[in-house]
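Listed here are the chains, written in short residue letters.
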Amino acid sequence: NAGVTQTPKFRILKIGQSMTLQCTQDMNHNYMYWYRQDPGMGLKLIYYSVGAGITDKGEVPNGYNVSRSTTEDFPLRLELAAPSQTSVYFCASSSPTRTHSYEQYFGPGTRLTVT
Amino acid sequence: RKEVEQDPGPFNVPEGATVAFNCTYSNSASQSFFWYRQDCRKEPKLLMSVYSSGNEDGRFTAQLNRASQYISLLIRDSKLSDSATYLCVVNKINATGRRALTFGSGTRLQVQP
Chain A
542 NAGVTQTPKF
552 RILKIGQSMT
562 LQCTQDMNHN
572 YMYWYRQDPG
582 MGLKLIYYSV
592 GAGITDKGEV
602 PNGYNVSRST
612 TEDFPLRLEL
622 AAPSQTSVYF
632 CASSSPTRTH
642 SYEQYFGPGT
652 RLTVT
Chain B
673 RKEVEQDPGP
683 FNVPEGATVA
693 FNCTYSNSAS
703 QSFFWYRQDC
713 RKEPKLLMSV
723 YSSGNEDGRF
733 TAQLNRASQY
743 ISLLIRDSKL
753 SDSATYLCVV
763 NKINATGRRA
773 LTFGSGTRLQ
783 VQP
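As you go down the protein sequences, you meet chains A and B in turn. Numbered continuously in our numbering, the first sequence closes out at residue 656. Numbered continuously in our numbering, the second sequence closes out at residue 785.
Only chain B is shown next, with the shape it has when bound in the complex:
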């Protein structure tokens, strides 16, 4: 089982739609959670951190369910510019006692006019 699993998509949605992505992680000791955005042939950039109580940043809402070990990202009122791959990222302590990020393979979103 992969440490971080995501549906690769693509999710094709019309402008203005609401779309949600889920991500599951296998290591219950994981401590921090993030959503990164990656545009085609570009570097990943942090979209938002995911806090235990859930958090919102404009049209984006992230939630964490530790009991079920999943993270979600909700995008409301989708824009063409939201088209990208969304990476689920989990921070854990590795075998050497250091913190390390594990990246999911990403979910591709295509917003259509």
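Extracted from the complex, chain A is given alone in its bound form:
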């Protein structure tokens, strides 16, 4: 299993540009998440999905959009990039365990700079 994969690894955007961060998992997990991590800070949840066709806002959804057309893929769309969106973006997935602990598996991250 490749686990959770993300592309691209790095990207520099100009203010106002848009882009899609890709995330794919091959573990057949029904839950998927997008987080951002600013330097020296914890992870903030942007959006999450509990299954194909279902998405919910997290803590910091403004400026982002998501879709979940398949179990495997959960792309994150940035429209009109702003410097405040400079961050490291992590995608994660999980599946309920017998203890319902929802442990999460993370991708390697996308480092985005908006200038």
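To be clear, the hints were calculated from the coordinates, so they are not data collected in a lab. Check each hint, because a few of them may be wrong.
In silico DMTMM-like links for lysine to aspartate or glutamate, alpha-carbon gap of 25 Å or less [what the hints assert, rightly or not]:
no. : chain 1 : residue 1 : chain 2 : residue 2
1   : B       : 764       : B       : 749
2   : A       : 598       : B       : 677
3   : A       : 585       : B       : 711
4   : A       : 585       : B       : 687
5   : B       : 674       : B       : 729
6   : A       : 550       : B       : 711
7   : B       : 751       : B       : 728
8   : A       : 585       : A       : 597
9   : B       : 751       : B       : 675
10  : B       : 674       : A       : 597
11  : B       : 751       : B       : 711
12  : B       : 714       : B       : 687
13  : A       : 555       : A       : 620
14  : B       : 674       : A       : 600
15  : B       : 714       : A       : 613
16  : B       : 674       : A       : 613
17  : B       : 717       : A       : 620
18  : B       : 717       : A       : 597
Heads up, incomplete: computed chain B residues facing chain A, CB under 10 Å, no partners named [to be verified]:
no. : residue
19  : 678
20  : 706
21  : 710
22  : 715
23  : 770
24  : 772
25  : 777
Away from chain A, derived, C-beta distances all over 10 Å, residues of chain B [what the hints assert, rightly or not]:
no. : residue
26  : 687
27  : 692
28  : 700
29  : 739
30  : 751
31  : 754
32  : 755
33  : 768
34  : 775
35  : 785
Glycine included, C-beta positions come from ideal geometry on N, C-alpha and C.
Place chain B on chain A using the hints.
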């Protein structure tokens, strides 16, 4: 008040030392608890879950105190490879009725030779 609070450190300890981190959480309805490890410029990875009765995995011991709403991680016989940031993570039911993880900002550990 932050939902999950940790001392950012850094904790600088010599090899072989025992070091302990604490974490406090504000939501008494929190249901599951974890410690994740994050190496510099890498993704977080699950270190261990924290069970009500406390649990141990090799040199690592995790404990939960629901009454005081804190979680602890004890690392014995520290190795250079233990140098990382340790994230305290709490699982709760959010406003939409879904489970969500809340991450602390992390405690940085630097083990020195």
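Need the status of pair residue 751 of chain B, residue 675 of chain B: alpha-carbon distance at most 25 Å?
30 Å, violated
Please work out if residue 764 of chain B and residue 749 of chain B have their alpha carbons no farther apart than 25 Å.
33 Å, violated
Does residue 714 of chain B pair with residue 687 of chain B here, judged by a C-alpha cut-off of 25 Å?
23 Å, holds
Take a quick look at whether residue 717 of chain B and residue 597 of chain A sit within 25 Å of each other, Cα to Cα.
24 Å, holds
Minimum Cβ-Cβ distance from residue 754 of chain B to chain A exceeds 10 Å:
About 20 Å separates residue 754 of chain B from the closest Cβ of chain A, which puts it past 10 Å; holds.
Beyond 10 Å from every Cβ of chain A: is that where the Cβ of residue 700 of chain B lies?
18 Å, holds
Given the proposed pairing of residue 550 of chain A with residue 711 of chain B, does the C-alpha separation stay at or below 25 Å?
OK: residue 550 of chain A and residue 711 of chain B at ~17 Å, within 25 Å.
Given residue 715 of chain B as an interface hint, is the shortest Cβ-Cβ distance to chain A below 10 Å?
At about 4 Å, which falls below the 10 Å cut-off, the nearest Cβ of chain A leaves the hint on residue 715 of chain B intact, so it holds.
Taking 25 Å as the top limit, are the C-alpha atoms of residue 674 of chain B and residue 613 of chain A close enough?
33 Å, violated
Are residue 674 of chain B and residue 597 of chain A close enough, with their CA atoms no more than 25 Å apart?
The given pair, whose Cα atoms are some 22 Å apart, holds under the 25 Å limit.
Hint check: residue 751 of chain B vs residue 728 of chain B, CA-CA at most 25 Å. Holds or violated?
17 Å, holds
For the pair supplied as a hint, residue 717 of chain B and residue 620 of chain A, is the alpha-carbon distance within the 25 Å limit?
Between residue 717 of chain B and residue 620 of chain A the Cα gap is close to 30 Å, so the pair fails against 25 Å, i.e. violated.
The earlier numbered hints that this structure contradicts are 1, 4, 5, 9, 16, 17, 33 and 34.
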